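So the protein sequences, as listed, match chains F and E. For the first sequence, our numbering begins at 10 and goes up steadily by one. For the second sequence, our numbering begins at 10 and goes up steadily by one.
In short, the hints are calculated from the structure, not lab data. It cannot be assumed that every hint is accurate.
The list cannot tell twin chains apart, which means a pair is met if one copy fits it or any two copies do.
[Unchecked claim] Simulated pairs of lysine to aspartate or glutamate, EDC-like, Cα-Cα distance not exceeding 20 Å: (1) Lys27 with Asp101; (2) Lys27 with Asp157; (3) Lys52 with Glu112; (4) Lys27 with Asp86; (5) Lys52 with Glu71; (6) Lys52 with Asp155; (7) Lys27 with Asp61; (8) Lys27 with Glu112; (9) Lys27 with Glu51.
No experiment lies behind these values; they were computed from the predicted model shown.
Number of protein chains: 2
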Amino acid sequence: MNTSPSSHGPVRWELRSKRTLVSTRVLDLCGYRYFHPGRGIEKEFTCLVPPDWVNVIAVTREARIVLVRQFRYGLNDFSLEVPGGVIEAGEDPVAAGLRELGEETGYGGGQARLLGTVHPNPAIQTNRCHVVLVEGVAPILVQDWDPDEEIEVSTATEEELVAGVVGGRITHSLSLCAIMLHRERRRGQI
Amino acid sequence: MNTSPSSHGPVRWELRSKRTLVSTRVLDLCGYRYFHPGRGIEKEFTCLVPPDWVNVIAVTREARIVLVRQFRYGLNDFSLEVPGGVIEAGEDPVAAGLRELGEETGYGGGQARLLGTVHPNPAIQTNRCHVVLVEGVAPILVQDWDPDEEIEVSTATEEELVAGVVGGRITHSLSLCAIMLHRERRRGQI
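Can you build the whole structure from these sequences, using the hints too?
Here it is, written out as structure tokens:
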């Protein structure tokens, strides 16, 4: 990559302290106090601190990818997504992905591995979202939904998924990341 | 897409009321009270309410894509991303993209259009992130950073970008979405 010679090099701020402003069921809202060595100033920035998340690309023996459709409270509408959820404290991302896949969809079996890791929003949010690939799944488990979960399970080909993304029918940014990582790795572009 | 006949159809919750729990510089933390018609219950869910955001795929006349590298407080590290930022109240997404591109990088000119729209996190967050494509940009403007911004500007080919995503050097989920939408539309897969 080319860097313009006229660019200014950004300085690394130093994290001095953290405090929790509000604690909710899904995340903490915190104040992170940073020091800028070049300018000699301290400033507090608001950060969201959720647990890490996991999303799953689950490919059936028929080469179809498992999807979930559910009502989402932020969107106030239904959303079509890949399965996923919150990683429990100390839980391995791959184990968490397999657990969420089974609970939400009843699909299981196959070979699982970590495909990559993204940051949902490094500007204001601290957590990561891991992407787990499980190949060769089948509907062999019993779904186990959380109290407020109601999920419609479906499958689609990779081409249908990409058409859904480009056509605006799949809009969850973290589902897009999972699909992109799977697709680009499969393409073997690098 | 195939839907399993054994799936349960999810019910649409009805939004009854909203209240702001905490207001910060970057977003509001709100309580959204929903009613479930099937179960006859009401429940409050915590939602994040930021303004809409915009990310920009800016392609130079040499077919290189403009990138920014900056320190991110959520990540506590530097992050390599496409340019973007917050859409001001009443601002058009394409105008906002061009404004952010110019302010952050000094690149301007060219032809701009909306490439797509994603939801950063429909589960708990209400806002959208638009993706704007600007083709034919050049470094013709004067950068205009916010007080705490320090940005290193670079350019890369599309292939270098994808290698950065797959190799874990570009991890901002919304940058991945912008790159994916650009790439899949360019491929004309649908």
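Where does the structure disagree with the numbered hints, that is, which hint numbers, in rising order?
1, 3, 5 and 8
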